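**Student:** Each chain, letter by letter, is given below.
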Amino acid sequence: MQSILSVSQVSKTYASGQKALEHVDLEIRRGEIFALLGPNGAGKTTLISIICGIVTPSSGTILVDGHNAIRHPREARSRIGLVPQELSVDMFETVAATMRFSRGLFGKAPDKAHTEQVLRDLSLWDKRDAKIMELSGGMKRRVLIAKALSHEPDILFLDEPTAGVDVSLRRDMWKLIGSLRARGVTIILTTHYIEEAEEMADRVGVINKGQLLLVEDKAALMKKLGKREMDLSLVEPLSEVPAGLEEWHLSLEDEGHRLRYVFDAQAERTGIPSLLRKLGELGIAFKDLDTSKSSLEDIFVDLVEKR
Amino acid sequence: MTGINLHGIWAIYRFEMARTLRTLWQSVATPVITTSLYFIVFGGAIGSKIDAIGDVNYGSFLVPGLIMLTLLTQSISNASIGIYFPKFTGTIFELLSAPISAIELVVGYVGAAATKSVVIGLIILITSAFFVDLRIDHPVAMIAFLVLTSVAFSMFGFIIGVWAKGFEQLSFVPALLITPLTFLGGAFYSIDMLPEPWRTVSLFNPVVYLVSGFRWSFFGAGDVSVGWSLGVTGFFLLLCLGLIVAIFRTGYRLKN
Ligand SMILES: Nc1ncnc2c1ncn2[C@@H]1O[C@H](COP(=O)(O)OP(=O)(O)OP(=O)(O)O)[C@@H](O)[C@H]1O
Ligand SMILES: [Mg+2]
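Residue numbers (the UniProt record's numbering), protein chains in the order written: chain E, 1 to 307; chain G, 1 to 256.
The set of hints was computed from the structure by calculation and includes no laboratory data. From a predicted model like this one, the values you see are computed outputs, not experimental measurements. Among these hints, one or two may not hold up.
Selected chain E positions facing chain G (Cβ under 8 angstroms, derived; list incomplete) [to be verified]:
hint : residue
1    : GLY53
2    : SER59
3    : PRO84
4    : ALA109
5    : ALA113
6    : GLU116
Far from chain G, by Cβ distances over 12 angstroms, these chain E residues were calculated [said to hold, decoys possible]:
hint : residue
7    : GLY31
8    : THR46
9    : ILE50
10   : HIS72
11   : PHE92
12   : LEU135
13   : GLY138
14   : ALA148
15   : VAL165
16   : VAL185
17   : LEU252
Even glycine gets a Cβ: it sits at the ideal position worked out from N, Cα and C.
Hey, can you work out the whole structure from these sequences and the hints?
**Tutor:** Right, here's the structure in full:
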């Protein structure tokens, strides 16, 4: 299957001399949700901006549905919707007017039914005649999404869609993204949070310091990177890991107050039930149990070390 | 999608006109009040002591110059703010990511700015009719000069808006370049009244040609021939157009 977006050998050095991207190659499949994962300054926004025509690449080519984005910008851009990271909206405009503006800008005649549908999906219909400056931050972000969807794009870019958004809105956002995908829209989003990538994406790309470190199916990646930690807060501190627990490779933390077990969450057998049973047998009591996923940071360290 | 993005041009034009309408009161009141003041002070108080220029009394003589002065400053400030503001607030990302060509973008922005200037020019014309006797010998040419000048200086303003890095710079060029050139460009006098070498020096001031051509359309006579006026206006128009094309070709100050 031909990819809907094809980025090849794209590099960018800003006028300041800052290298933001180095030889990035990326193929996006039609209809997928792709998450671009990376820390601050990794080059996520730069990559998106280049694809959307906001930043000029220093070198490389971009094909959007087969159209060269630099030589035939009109064909390429009319297929793309962009929700930027920054909340840049026209404060004095009303929600409906700004959406009509966006649709017109992308060369489409007004379509009341479509506009209403999008505003309803984003719970903005009641606010359609409100000035944007009267809206809350979360609503402004939804206005930006409405603008991006106003011209019915085939590809939607969401640059950190859930930054500064509360939990319930985040859920709504995920639901919306799911329903867009169901309609055949290809979605590319950036995030700092591995949970978000895990929740939504079909494939994940990890970017750091302008280099795309890997692109993989989410399931495969999570398997590879899905290390979890289980911390047991002990009632009585220990001075060393007791004999009989070697099998689990435990470590003592917090001056012997916590026992840490690192395991593979995707593995068929995590080893947790047997560990807890063994602790019971040894009479080691704990008052609390906590599990956490390895942080994005750990993953980067992991990835960078492996290369 | 091929051809011209008419919906896109219309969207920008409408957006810009809506911005004007939101500040309708200032947009109309300011030029009307300023012009009335000019007529009272220069036309009435001082003008009564000044002889007629040719067969035109001084009050009437002022009208084309005043309109030109307002046209230049208004066109520049409208168009420059129109494109500078999205740069400032960041909403320009949408313009840059839209399937709209440089020319289409300029038609939208410059079209709206020029429309506003033409309307203000006509308002001043009507206001002046309350103060002085008006005579318009060549109404078609008058409208043509009005429109061409508005378009040319709106393009110039667009360029300034792209170039400006701060709000101060937006008012910098109009205040330091356009106002002096207009005051020295025969807006309030005929350059024939100047002694040499200032008369010859004035001929290097492009605004002289604009004012002169415009005045010719009213009274059938100007400081320079109407052909020269039209030529200079057209040249300035093409120069600005060329600059704008170059700006978009290179992404100058719009794209990183
Ligand atoms: N306009 C610019 N001029 C110069 N350097 C820039 C510019 N924009 C970004 N950079 C630099 O390019 C690098 C990549 O920035 P980018 O905004 O693409 O990162 P990001 O992955 O989106 O980060 P974040 O998660 O913080 O949004 C950074 O080092 C940044 O400082
Ligand atoms: Mg970013």
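**Student:** All the hints need checking, so say for each whether the structure fits it.
**Tutor:** Here is what the structure says about each hint:
1. GLY53: holds, 5 angstroms
2. SER59: Violated: closest Cβ of chain G sits about 15 angstroms from SER59/E, beyond 8 angstroms.
3. PRO84: Result: holds, 5 angstroms to nearest chain G Cβ.
4. ALA109: holds, 6 angstroms
5. ALA113: Status violated, d = 17 angstroms.
6. GLU116: violated, 19 angstroms
7. GLY31: It holds; GLY31/E is separated from chain G by about 22 angstroms at its closest Cβ, greater than 12 angstroms.
8. THR46: Incorrect as stated: the minimum Cβ-Cβ distance to chain G is 9 angstroms, not above 12 angstroms.
9. ILE50: violated, 10 angstroms
10. HIS72: violated, 10 angstroms
11. PHE92: Non-interface label on PHE92/E violated, nearest chain G Cβ at 6 angstroms vs cutoff 12 angstroms.
12. LEU135: holds, 15 angstroms
13. GLY138: holds, 18 angstroms
14. ALA148: For ALA148/E, whose nearest Cβ neighbour in chain G is about 9 angstroms away, the distance does not exceed 12 angstroms, so it is violated.
15. VAL165: holds, 19 angstroms
16. VAL185: holds, 17 angstroms
17. LEU252: Label holds. Min Cβ-Cβ 51 angstroms, cutoff 12 angstroms.
Violation of the numbered hints given earlier is confined to hints 2, 5, 6, 8, 9, 10, 11, 14; the remaining hints are satisfied by the structure.
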